[in-house]
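Asks: Here's the letter readout for the chains.
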Amino acid sequence: MIPMSSNVKIFNQRLEVLCDADCLERIRNFVRDQAKASGFDSLEVGRLVLAVDEASSNIIKHTYRFAQDRKIAVEWRDQADRVEIGLQDDSPEPYLPSHSDFDLDSKIRYRHANGYGKYLIEKAVDDLHYETIPGSHNQLSLIKFKPNANPPSSSASKAEKKAPNPFDVAMSRSLTLRNLLGLGESLSRQKDSQDVTRLFLYSVMGSLTSRPVALLQLQDGKGLKLAGQIGLSSRLSPVSFSNAGEFSKVLRTQNAPILVSDIAPLIPEEEKKKLEDLQAAVLVPLIVGARLLGALVIGPKKNQQPFTEEDMNLVTLLGNYALLIMGTLGPSRGSADWGHSGSELRAALLWAMARVNELSRDHETSLVLEDEGVRPHLEIDDDLLQKILLTMITHIVYLADEGGKITLRLGTDAGEGVLHLLYQGTPIGFEKGKPGHNPLIDQLITGGVKLSDCPKNMESTGGKISVTSKLDKKESGMSETQVDVALRFRLMKH
Amino acid sequence: MPDFQCETYLPPKAAEVAVLRLSGNLDSYSLPELEKNIKKLVAEGRTKLVVNFHKLKFLSSPGMGLFLGTLGELDKKSGKIVFAEVMQPEVHDAMNLLGFFDVFRLYEQEAEAIQSLQS
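Top to bottom, those sequences are chains A and B. The numbers in this note's numbering rise by one with no breaks, and the one at position 52 of the first sequence is 52. The numbers in this note's numbering rise by one with no breaks, and the one at position 53 of the second sequence is 1053.
Think of the hints as simulated: they come from the structure by calculation, not from any bench. Nothing here was measured: the structure is a model prediction, and the numbers come from that model. Wrong hints could be hidden among the right ones.
As the list claims (entries may be wrong) - When the alpha-carbon atoms are kept at most 27 angstroms apart in a straight line, the in silico DSS-like pairs for lysine-lysine are as follows:
| id | chain 1 | residue 1 | chain 2 | residue 2 |
| --- | --- | --- | --- | --- |
| 1 | A | K118 | B | K1057 |
| 2 | B | K1013 | B | K1039 |
| 3 | A | K71 | B | K1013 |
| 4 | B | K1039 | A | K61 |
| 5 | B | K1057 | A | K36 |
| 6 | A | K107 | B | K1080 |
| 7 | A | K118 | B | K1036 |
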């Protein structure tokens, strides 16, 4: 046993520790002692120790990021037929959901290094649930029936168990693209768009700020309206900003997060008051092409300190995620208005690369642009191209957990501009066209979509997308996926 | 400091083989040390690894994930990892829960494990 120090307090069957390098050992020892005292055999003791270690590690790694001044409390509640182990952190940020489509065989087969903690916890205990007290803490409860107890029968337990709720958030995890896209897919099946937005933000913002966050969305082209909020003590009555007002004008001219204090002199008192009600400190305009879709409104930092450059980079990233999710949900916009910029393809590719490099920070996927020395002027709407590229590339990054290589190769062929998006790496099931993907991906996978199928003002652009993919088995026995997405465009007339 | 040690043994006349003898607890805090050791050995061309668990008391998913990830890397280099002397029931059970014994060959003795990598 590690000697107790001032970092450890025991209250009956409660242990509270500061998260220093020895804290997991203390937690394991506590659980081991309690589990033995509750009458579990050595196998079950070991599994309970493992479960609590996994849960604690997740908090330390993903919520606390190994900060040593944070606390974890473990409570052991011994009841007649069961024990309930409560794990509480001191983070007001909510947990993030985990995927429901965990496939152990696949992860092992493809040598995935991460993501086994929750699985092990679920193998070790009989039931678990999570609760977030907004602005306060998170509580994970693990339940294990005692050896001689009669756990509820299967039919009774089905009645007792709540129906799976896609918004049951799991332990806090890092803000990865995988989590967000998975959440977006879940959210896209919900009907109430305000709740959808709210829950998206609720989950996403956990890693960044504990203060209020709101999403303003351009609706019917008439103005920015509150589409969702988290962290505010009471649901706000509808808030709207005039589309033609100074607030919207300021947002349109920005393409980066702005401090409210910097723009306050520019906006009318009435709009300023609305921002105060939202406890706005930073605004993140959500712009695609030249079109303002909305804005993220972020409250002050938990420690009341100014936003640093790193903070602003993080909220920019959050803005990109919000845009991606809004794209999945279908951003509210009036008549389809893709615009037609005729921008050079290269500019669009560089934009996509920058976005993907930001989004794929947690993955080892490399993105390379190979330019064959040709810089054609392609007649393609860069909004749509960016959407296609971003959708394709981020889905590949999402699926290729162990990384791979994406090459963008630009050139001409028979009078047409051609962009090849080549992926080579660990199998991603891309060729199977999994259900639930972005519909655009499904269209692409099933054999191509003509750009003329897109909103009617794109007809003049023309072009075609084809997707081929194959799964190769290499000599080593490992499989590799190769995907070739070819986008062909008419060359602009000079 | 976390209670974890990793001792490296390089068998003579086996240029590609290295043995990692673990002791203590392999958890989120002690993981970086092991990761560093493995990366160093692989960089030096030691692509056939024996991991000896004789004195390891605890193993959780970060450590198991590291072994899997390393196996993935070594697959590309025609390398291998095998396990030896998984003595502690808790460690054995954790590996079993993830189906590790379908992926990693387990030897009762370190010497057997080394020999398997040399043949």
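Asks: Looking back at the numbered hints, which does the structure fail to meet, lowest number first?
Replies: 3
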